[in-house]
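S.K.: Chains as they are written, first to last, in this note's numbering: chain D, 1 to 693; chain Y, 1 to 693.
Please note: incorrect hints may appear among the correct ones.
A pair counts as met if it fits within one copy or between any two copies, since identical chains are not told apart.
[Claimed, not checked] Calculated cross-link-like contacts (lysine-lysine; reagent style DSBU-like; alpha-carbon spacing at most 35 angstroms):
hint: 1; residue 1: Lys523; residue 2: Lys661
hint: 2; residue 1: Lys678; residue 2: Lys129
hint: 3; residue 1: Lys271; residue 2: Lys661
hint: 4; residue 1: Lys297; residue 2: Lys318
hint: 5; residue 1: Lys407; residue 2: Lys678
hint: 6; residue 1: Lys143; residue 2: Lys661
hint: 7; residue 1: Lys271; residue 2: Lys297
hint: 8; residue 1: Lys143; residue 2: Lys297
hint: 9; residue 1: Lys494; residue 2: Lys678
hint: 10; residue 1: Lys108; residue 2: Lys297
hint: 11; residue 1: Lys322; residue 2: Lys693
hint: 12; residue 1: Lys322; residue 2: Lys271
hint: 13; residue 1: Lys143; residue 2: Lys407
Hints in this document: simulated from the structure, not taken from any laboratory.
Predicted model only: the values in this text are computed from it and were never measured.
Protein chains: 2
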Amino acid sequence: MPSRSLIPFVAGLVGFGASIAVADEGMWTFDNVPRDLVRERFGVRIDDAWLDHVRLGTVRLSGCTGSFVSPNGLILTNHHCVADCLDQNSTREKSLIESGFIAGTREKEIDCPTQIADVLERLENVTAKVQDATRGLAEADAKERRRQTLTALESECENTSRSSGNPLKCQAVTLYDGGQYWLYQYRRYDDVRLVFAPEEDIAAFGGDPDNFQFPRWCLDFSLLRAYVNGAPAATPRHLTINFGGPEAGDPVFVSGHPGSTDRQLTVAELKALRDRELPPTLLRASELRGRYIQFAKTSDEANRIVADSLSGLENTIKVQRKQLDALLDDAVMAGKRDAEADLRMRVAGNRALAAEIGDPWQRIEDALDEEATRWLPYLYLEGGTGLNSRLARSARTLVRAAAERPKPNAERLREYTDAFLPRMEQQLAAPVPIYPELERLTLSFSLERMREWLGPDAPIVRRLLVNETPDALAARLVGGSRLADPAYRMELWKGGQAAIDASTDPFIVLARELDPEARALRKWHEDNVEAVIEAAHEQIARARFQILGTSVYPDATFTLRLNFGSVQGWIENGQPVEPFTYLERLFERATGAQPFRVPDSWQAARSTLDLGTRFNLSTNSDIVGGNSGSPLIAADGRIVGLLFDGNIHSISGAYWFDVDKNRAVAVHPAIIREALTKVYKVAPLVEELGLDK
Amino acid sequence: MPSRSLIPFVAGLVGFGASIAVADEGMWTFDNVPRDLVRERFGVRIDDAWLDHVRLGTVRLSGCTGSFVSPNGLILTNHHCVADCLDQNSTREKSLIESGFIAGTREKEIDCPTQIADVLERLENVTAKVQDATRGLAEADAKERRRQTLTALESECENTSRSSGNPLKCQAVTLYDGGQYWLYQYRRYDDVRLVFAPEEDIAAFGGDPDNFQFPRWCLDFSLLRAYVNGAPAATPRHLTINFGGPEAGDPVFVSGHPGSTDRQLTVAELKALRDRELPPTLLRASELRGRYIQFAKTSDEANRIVADSLSGLENTIKVQRKQLDALLDDAVMAGKRDAEADLRMRVAGNRALAAEIGDPWQRIEDALDEEATRWLPYLYLEGGTGLNSRLARSARTLVRAAAERPKPNAERLREYTDAFLPRMEQQLAAPVPIYPELERLTLSFSLERMREWLGPDAPIVRRLLVNETPDALAARLVGGSRLADPAYRMELWKGGQAAIDASTDPFIVLARELDPEARALRKWHEDNVEAVIEAAHEQIARARFQILGTSVYPDATFTLRLNFGSVQGWIENGQPVEPFTYLERLFERATGAQPFRVPDSWQAARSTLDLGTRFNLSTNSDIVGGNSGSPLIAADGRIVGLLFDGNIHSISGAYWFDVDKNRAVAVHPAIIREALTKVYKVAPLVEELGLDK
């Protein structure tokens with residue numbers, strides 16, 4: 001469940017909704033945890049102190065979750081959540097993903113140049129302020145005003161916290177489709193270093209074939225450390241690990257950052273996903289998978305430099321494939337249709353409400369029809385699908401930043417506002433390796449598909465490819481660009497518009513040329529599609545609050561949530577699946593060849609290991625990509641597992657929660673103890689985690 | 001529209017149906033052409049002589065159609081219909097697909113080792129015989145008896161024709177879902193040679209981006225010649241070409257062999273296609289496309305040896321992608337549902353009929369549910385999806401042939417009956433190049449996907465991949481096999497079971513090992529899925545005949561059909577698309593790079609050419625893959641075009657005929673004249689086609 005699955009792949013279609021809790025379903029915000037329900041179901045009493053403890057021990061990483069597990073800033077998360085860091089610190093000759101990494105001492109902990117760690121310190125409800133600001137405005141104007149208001153609130157919040165001597169990152173959060181607006185305020189650690197990661201062969205044993213499967217044997221854990229001013233961060237409010245782990249049936253809580261769910265999309269939106277978005281997206285991804293795999297066969301070096309991209313892509317494919325399956329399930333779709341029809345009927349039966357909101361479902365359907373008219377150019381140009389290259393993305397960011405940054409904060413494109421700039425600069429400055437052959441591969445691929453889908457006679461295609469093949473153009477752009485050099489990127493970043501105008505870097509030249517058309521498409525999309533859909537969803541949310549009350553949770557938005565559930569398996573084809581796996585079977589299942597190879601370190605230690613050690617476990621927690629690395633927490637507040645995946649049925653969780661079959665998958669803490677004490681024998685970590693006692 | 005699109009990609013789901021004619025829709029059998037309708041619509045009188053003339057001038061090729069165009073066996077067809085022949089006569093160093101081929105003299109015409117040419121001489125209705133034989137039997141028994149009966153009828157027919165001194169190939173044909181059975185009797189030419197093919201750059205100008213598009217500029221034609229006893233066949237009943245071509249609005253007839261349509265599938269079958277078949281098939285195909293493309297980049301040689309496979313695959317992807325789009329169109333599906341509900345209601349209202357056939361729609365749905373339980377093993381093992389390799393397919397054919405051929409004809413698996421053996425032997429004996437690197441690519445790919453879809457713990461996957469990676473296993477099998485050598489294949493073919501048992505060829509060993517399980521899956525599928533669905537379709541066909549009468553045409557079955565329509569464009573996004581393109585625009589559209597490169601031969605001749613020459617044209621003919629190479633015939637019986645493709649809307653023709661937008665695309669005869677007289681200047685052909693007059 002790598003972090004990529006987080007990225008909402010459908011610009012303009014991401015709806016934020018509200019669901020009624022059924023069974024252990026629910027991704028609850030910390031201000032609205034159904035404490036009574038938890039007490040009834042599990043006899044567990046959750047109070048403010050418990051919630052604060054868990055919240056302050058939980059960390060938001062780039063696309064993942066982690067938790068502080070020592071007073072010295074040590075962070076427990078998944079191996080796959082540090083894949084980017086491992087990749088960035090690898091070379092053509094040596095892959096840290098393959099070999100793993102053991103710092104051994106703090107001095108040897110290595111920089112993760114694009115990693116950040118955020119802890120949610122405060123939540124402030126600003127719904128009234130936002131709704132007041134937009135009241136009575138037409139859709140496109142309301143969207144613009146909302147954007148400005150949220151940006152202004154963020155600025156104000158950051159200024160206030162800075163002058164109070166406790167600087168926090170303030171982020172506006174939209175919940176319940178605009179039913180609520182919040183300011184989430186984070187303590188940010190932007191110096192995060194890698195402490196420990198096992199070899200991928202054991203972290204991701206079974207590779208893509210086993211991904212989203214259970215039973216499972218993955219040691220998908222790693223350790224990071226947050227630093228402040230060059231020293232380990234003091235994190236007194238950390239969580240502790242109960243290495244004994246839980247028993248079957250034990251209640252478990254997941255504290256984490258589920259990335260995105262679409263449980264409140266309208267039927268029209270689900271159908272647009274099913275019919276228009278997912279099939280072509282899957283076809284592109286599958287072709288790129290084939291190109292990556294074939295490229296990997298050309299040399300060991302090629303294999304190494306493409307490995308991380310490939311595993312992320314394969315994860316995306318599996319997720320989207322099962323999402324498509326879910327949407328093709330007419331029973332699920334009928335359920336959605338019925339629920340929507342019921343709500344529409346209730347709205348129609350409420351004269352005041354009906355007069356106020358009209359038919360927002362129809363407005364969404366109309367907006368989607370409008371979207372379809374220019375969807376492909378929008379996707380390929382503004383969406384970047386036609387220029388799949390890290391260099392091309394850097395160029396566009398630099399070109400746009402030069403134009404946006406001089407503007408007043410509230411007038412900029414949202415992603416260029418002050419709240420986002422530090423992160424953007426960090427990413428541009430990061431000395432991460434960029435491999436020209438991989439750039440050429442992805443760029444040539446995306447150009448070829450742009451020609452296929454927009455057609456050879458589309459103006460943009462004629463302009464780019466009239467004299468060059470996709471391969472030749474990609475080679476010329478990549479070969480002539482200096483953007484792989486972080487110093488040059490920083491020169492352009494700091495040089496502003498003058499530097500951009502003067503640049504002859506071919507990617508900068510191209511980005512300059514394409515920007516006006518791309519911006520026009522974005523403006524069209526924002527005004528005619530997003531604005532309408534956002535307004536309509538806000539109205540549906542209002543109707544839902546009014547009719548269904550407030551015992552509901554919002555769709556996932558990569559913000560902190562709590563889920564409650566328990567350790568349990570499920571029934572598959574009439575056979576029970578037990579909730580635990582054991583070390584012994586790992587060795588039985590090994591084939592000696594990737595992705596079923598047990599690394600030498602484990603083979604060497606085999607005779608010293610307790611083969612009865614629990615390895616992975618399953619729970620009925622309601623999770624989704626972004627929850628990767630979440631601590632599984634027992635009633636006593638201690639960590640009893642490390643969430644890293646879901647079973648295959650969990651993927652339909654994007655649209656609905658299947659109580660019978662949707663299961664989360666976690667690393668059992670006992671196997672982490674076994675690994676650290678007997679396989680890797682990292683004395684300082686063993687001590688820091690209290691395993692020497 | 002290469003021949004691959006013919007191959008029914010869904011074993012067990014291919015239904016044969018009957019549609020009511022609307023507008024110019026319809027793929028009519030020659031015994032049931034609606035002559036009155038043609039006279040009413042076009043004022044054209046079609047009589048027996050006209051039909052015989054057209055039928056005997058039309059040729060069925062491997063997966064394509066052609067027509068005799070001289071008294072000396074000269075066959076006009078598409079360039080893409082001879083791609084296999086060009087590929088088989090190419091080497092790593094020289095690709096005839098790239099360079100084209102001009103024999104110049106008859107002595108230099110080259111063998112197309114797997115090509116055959118069949119002319120339909122007789123049609124015999126044997127419905128009563130087949131229905132009598134199966135009356136009252138249970139479904140699985142009826143299927144078995146039907147198979148035996150059809151095989152026996154074929155044998156008898158061939159024996160009779162042989163002893164009459166006029167040997168014909170007899171093929172049983174199922175029409176109207178089993179509403180009718182026929183014996184189609186062909187004069188077969190199995191010595192077919194290549195006479196002329198232009199360069200692919202002009203034959204397939206625009207490549208995959210332009211495939212299934214119009215306007216279009218493709219010189220997609222070639223010439224073959226049928227030989228008998230080493231001399232050109234005498235074909236006095238050939239067709240003649242009117243090189244002036246037709247005008248807009250002119251009536252045109254297509255005589256050809258549409259491969260497969262699914263217009264009479266039930267809603268349950270369409271949903272199985274939409275939900276279960278097409279998405280994974282498309283994902284596999286797209287990944288393979290990526291592997292092919294990346295492989296092609298490794299060297300000029302690699303590019304050459306994979307080119308034909310790639311273009312076939314890209315055609316398949318485009319077809320299936322648009323088929324999926326068609327099935328995702330809820331309006332189309334609702335139309336199908338309504339039509340089905342209407343027929344079901346009428347059956348229910350007819351007490352006798354209802355008592356006789358019950359609810360065949362439900363039985364089909366149940367059979368599909370049953371099919372789903374073992375679909376993946378069936379697909380990967382018996383369907384061959386897990387072993388995508390020409391060597392593996394040869395091995396299986398040889399292993400099965402050794403077991404089947406000693407049996408009495410009527411007891412064999414259908415494809416090993418006498419009617420099919422000569423063609424099978426021809427294919428095994430053909431000295432076509434097999435490239436080990438390409439074999440390894442496709443085999444490794446399919447093994448990897450088998451592991452993904454069946455899961456790493458499936459017995460077959462454990463057996464094959466427990467000690468080897470897909471790459472290693474593929475390398476060992478391909479490297480150790482002698483099956484690329486036609487002499488060795490013939491040795492095993494002739495040696496029968498003893499030779500198979502004694503062989504240590506790794507592919508033969510593997511095929512021997514897997515055959516029992518594959519056969520068991522096939523038996524299960526035939527008895528529990530195919531038998532039920534065939535019986536149910538036969539009953540639906542009976543109901544349809546009874547209720548809707550006989551003015552209907554059957555689904556396509558790669559047997560001879562006639563369609564009538566006219567030269568016309570259509571309206572796309574509110575803009576008219578004209579039905580003709582002109583040579584001038586070819587040069588304007590050229591980019592100098594594939595797939596938009598105009599070959600040197602045309603650049604050199606440019607100043608001599610009439611740039612106003614018509615190039616391609618569109619008609620509203622109802623066609624599908626297999627119609628490639630069909631003559632477009634005017635009311636006077638002369639050829640006025642060479643069909644080679646459809647527009648993008650034609651693909652949904654698999655399920656329904658869109659009268660407003662479905663268009664066929666043909667090469668205009670004027671551009672063929674221009675090419676032969678001014679560009680290629682092949683004097684003997686110019687003379688043979690009467691162009692020197």
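S.K.: Now look at each hint and say whether the structure bears it out.
M.R.: We went through each hint and held it up to the structure:
no. : hint            : result
1   : Lys523 x Lys661 : between (42 angstroms within a copy, 33 angstroms between copies)
2   : Lys678 x Lys129 : neither (56 angstroms within a copy, 77 angstroms between copies)
3   : Lys271 x Lys661 : both (24 angstroms within a copy, 24 angstroms between copies)
4   : Lys297 x Lys318 : both (22 angstroms within a copy, 27 angstroms between copies)
5   : Lys407 x Lys678 : neither (57 angstroms within a copy, 64 angstroms between copies)
6   : Lys143 x Lys661 : neither (39 angstroms within a copy, 39 angstroms between copies)
7   : Lys271 x Lys297 : neither (38 angstroms within a copy, 38 angstroms between copies)
8   : Lys143 x Lys297 : neither (49 angstroms within a copy, 47 angstroms between copies)
9   : Lys494 x Lys678 : neither (50 angstroms within a copy, 62 angstroms between copies)
10  : Lys108 x Lys297 : within (33 angstroms within a copy, 41 angstroms between copies)
11  : Lys322 x Lys693 : neither (45 angstroms within a copy, 64 angstroms between copies)
12  : Lys322 x Lys271 : both (15 angstroms within a copy, 17 angstroms between copies)
13  : Lys143 x Lys407 : within (19 angstroms within a copy, 76 angstroms between copies)
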